[in-house]
Every structure is written in structure tokens, then in C-alpha cells.
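Asks: Chain by chain, the residues:
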Amino acid sequence: SQKIEQNSEALNIQEGKTATLTCNYTNYSPAYLQWYRQDPGRGPVFLLLIRENEKEKRKERLKVTFDTTLKQSLFHITASQPADSATYLCALAPSSNTGKLIFGQGTTLQVKP
Amino acid sequence: KAGVTQTPRYLIKTRGQQVTLSCSPISGHRSVSWYQQTPGQGLQFLFEYFSETQRNKGNFPGRFSGRQFSNSRSEMNVSTLELGDSALYLCASSQGAGDTEAFFGQGTRLTVV
Numbered sequence: 090s091q092k093i094e095q096n097s098e099a100l101n102i103q104e105g106k107t108a109t110l111t112c113n114y115t116n117y118s119p120a121y122l123q124w125y126r127q128d129p130g131r132g133p134v135f136l137l138l139i140r141e142n143e144k145e146k147r148k149e150r151l152k153v154t155f156d157t158t159l160k161q162s163l164f165h166i167t168a169s170q171p172a173d174s175a176t177y178l179c180a181l182a183p184s185s186n187t188g189k190l191i192f193g194q195g196t197t198l199q200v201k202p
Numbered sequence: 270k271a272g273v274t275q276t277p278r279y280l281i282k283t284r285g286q287q288v289t290l291s292c293s294p295i296s297g298h299r300s301v302s303w304y305q306q307t308p309g310q311g312l313q314f315l316f317e318y319f320s321e322t323q324r325n326k327g328n329f330p331g332r333f334s335g336r337q338f339s340n341s342r343s344e345m346n347v348s349t350l351e352l353g354d355s356a357l358y359l360c361a362s363s364q365g366a367g368d369t370e371a372f373f374g375q376g377t378r379l380t381v382v
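Protein sequences, first through last, are from chains A and B. No gaps in the numbering here: position 34 of the first sequence is 123 in this note's numbering, and each next residue is one more. No gaps in the numbering here: position 29 of the second sequence is 298 in this note's numbering, and each next residue is one more.
Wrong hints could be hidden among the right ones.
Over 10 Å on every C-beta distance to chain B, these chain A residues come out as not near it, computed from the model [as the list claims (entries may be wrong)]:
hint, residue
1, Glu-104
2, Thr-107
3, Thr-115
4, Arg-131
5, Glu-145
6, Arg-147
7, Leu-163
8, His-165
9, Gln-170
10, Pro-171
11, Ala-172
12, Leu-178
13, Ser-184
14, Leu-190
With a cut-off of at most 30 Å between alpha-carbon atoms, the simulated DSBU-like pairs for lysine-lysine come out as follows [stated by the list, open to error]:
hint, chain 1, residue 1, chain 2, residue 2
15, A, Lys-106, A, Lys-160
16, A, Lys-201, A, Lys-146
17, B, Lys-282, A, Lys-148
18, B, Lys-282, B, Lys-326
19, A, Lys-160, B, Lys-326
20, A, Lys-144, A, Lys-92
Just some of the chain A residues that point at chain B, by a computed CB distance under 7 Å [as the list claims (entries may be wrong)]:
hint, residue
21, Tyr-117
22, Ala-120
23, Pro-129
24, Pro-133
25, Phe-135
26, Ser-185
27, Thr-187
28, Gly-188
29, Lys-189
30, Phe-192
31, Gln-194
32, Pro-202
The set of hints was computed from the structure by calculation and includes no laboratory data. The beta-carbon is built from N, C-alpha and C at its ideal position, and this holds for glycine as well.
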């Protein structure tokens, strides 16, 4: 069966460290993979998108990798800050001609000062 | 530009009733997707409408339905409400392709008692 798994439900790190979140999927061949941030009581907010033929994408302190052989994406936040505390969701876009997204369960990141 | 607007923000309904939720997408976006978010199941895809046509459907019973109007505004309806339908319902507006970001509304919190 198809599955998307984010490595842990919660991740606690110290301010200034790098947070690494994992997204693994099985029985999918996604064309794109996206990462979103969600704060309590709010809708998800888009962070980064990576294509199946891209290995890595960066945006400011954020970096995403995409390994279609391992069927895994890693999401890194460098120099983390307490304001980065939120739930991070990975989402697969199964094809280019749909807005449908398939979400993982999310990882809640807590950055302690 | 204005974001995605969902109304109402909160709803309390009784089992057996029906409910209609509304979503106004970002101007120019033709795709509206609906998701159900619960603590146990995470974000689950309900359906996507594109140019007034249902383009994709998730694995939900027929009690869940939707429609999209010519101005791209969308509604979703849940009939014969069950306690398990209590959730945060999110709509996402996009250009309708997997390589474009989705913009989410704040959601409608539905409680069924």
C-alpha cells in the first residue's frame, strides 16, 4: 500500500542547531515533493518545492533534498530559532496536472532557547 | 492580493444534520482542493475541483460532496453528520499543477455533537 512517513512526531533541539526532518514514501512515484509549515489553529504555509530530477533546493536557512532511489526527502533548518517551532509537513504531488497533495503526518519541531 | 477565505471559522452541528462550508480562492486560481485534518489521521485529501469540474477524489464516503462555481468559489457539503466528522476542514487554492504551491485558508473547525 502507499505510505508517507515522517520520521518522528516530535523533535526537540537547541537554538542555533540544525534541525533535520525526514520524509519517506513507499509505492509512490511523485513528480514533486513539497514542504509546508503549520502553526496551531492555522492552515499550512508553503515553504519549498523540489522536483524529481532535482537533488537539492535551498531557500535562506532552509534546505531540502530529494532522493528518488531511497524514496526519501530530508528537510533541514540551519541556525534554528524558537520562532521555527511549528509542525512541518511533507506533501507529494503525484503528477503535474493536479493540485492534489498527499500529506505525511507531520513532525512537530520545538526549538528551545 | 487577498488570501484564501473560508467561512465559517467554527461550526457546531448535531449528528444527522448536514453542513455546507465555503471557500473563496485566490483570484486567478482555478483549482480548489479540500482536506480533512484530524489528530489521528493528519491531513487527508477529500477532492479537487478545477474549472467547475471534480478532477480528483479521495477515499471518503459519498456523504462528502462539493462543487465549484464559475468564479472558482467552492463549497463542500457533508450530509448525515457523524461524530467522526469532527475535524478541521481546510481548502487550498492553487494554479492546479503539482509544481505550484498551494495556498491554504484558515480552515473551518467543525464539531459534531
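Asks: For a quick check of understanding: which of the numbered hints are violated here, in increasing order?
Replies: Hints 4, 12, 13, 14, 17, 21, 23 and 32 not satisfied by this model.
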